[in-house]
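S.K.: For the sequence shown, the positions run 1 to 237 when our numbering is used.
Note that these hints are calculated values from the structure, not bench results.
You can trust all of the hints, since none of them are fake.
No farther apart than 25 angstroms at their CA atoms in a straight line, the calculated lysine to aspartate or glutamate pairs in the DMTMM-like style are these:
id : residue 1 : residue 2
1  : 144       : 92
2  : 37        : 212
3  : 230       : 116
Listed next, with one range per pair, are the computed distances between beta-carbon atoms:
id : residue 1 : residue 2 : range
4  : 88        : 143       : 15 to 25 angstroms
5  : 157       : 228       : 30 to 40 angstroms
6  : 237       : 159       : 20 to 30 angstroms
7  : 221       : 134       : 24 to 34 angstroms
8  : 225       : 47        : 18 to 28 angstroms
9  : 134       : 158       : 12 to 22 angstroms
10 : 213       : 102       : 21 to 31 angstroms
11 : 47        : 231       : 19 to 29 angstroms
12 : 231       : 195       : 42 to 52 angstroms
Yeah, the Cβ is synthetic: ideal placement off N, Cα and C, and Gly gets one too.
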Amino acid sequence: MERSVMKGKWWINRYWKKQKGFWLIAFSKYMKESPMKALVCVKQVVDHNVRIRIKRDHSDVDISDSKLSINPFDEIAVEEAVRLKERGLISEVVVVSIGNTGVGDVLRTALAAGADRAIYILTKNSLTPLIVAKTITAITRNEKPDIILLGKQAIDDDCNQVGQMLAALLDLPQATNVSEITISDNSLTAVREVDGGLETLNLSLPAVLTTDLRLNTPRNISLPNVIKAKKKPVKEI
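Given the sequences, and given the hints that come with them, work out the whole structure.
M.R.: Pasting the structure below:
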């Protein structure tokens, strides 16, 4: 009797391992056959917990000794792209940023959150939203992403312009202030915040989306993922 029970358990374990292996192979094959890519634009800003100082000539904010971090709205965009990847809807998350040498820290934060690789455009100049949009347009035409995500605005200047300009330059459908994203086949449904409440838009891909605070809550980044991020590719332009 005992021998027959042991044999039954052995067959069950063997069957389970085969099934598990089958689904892992199937999932891997699906990911390879799902070439959709997300491009996420991030900006380095003065940390929102820091007390801001103005330069003596009142020309700008003095950030010389201030703590800098990823723009909170852009962090939400990164989180959403990573979640879409985890659900098997996209296969790669690429982050891009423009700025001085300190921008590398922001990109590493995005990579630690789950992005696959980063593109870093080095400049010491303060750029207008239009120049930023034109620069990202060139990157987008080279990368050919299916979804372009960025925060609805940066907390340093609150311009709320780059996403709209980028969509216009690329002649792509757009949804701003997005609080919910659903992808099906080759189309996307976005729920966006408007003054009167909520608006639902159906967009064809590729498309440009700017993220609202209600879209998600970014994850806490673990130390192992911070270490892994140091090994991920960062391309400097």
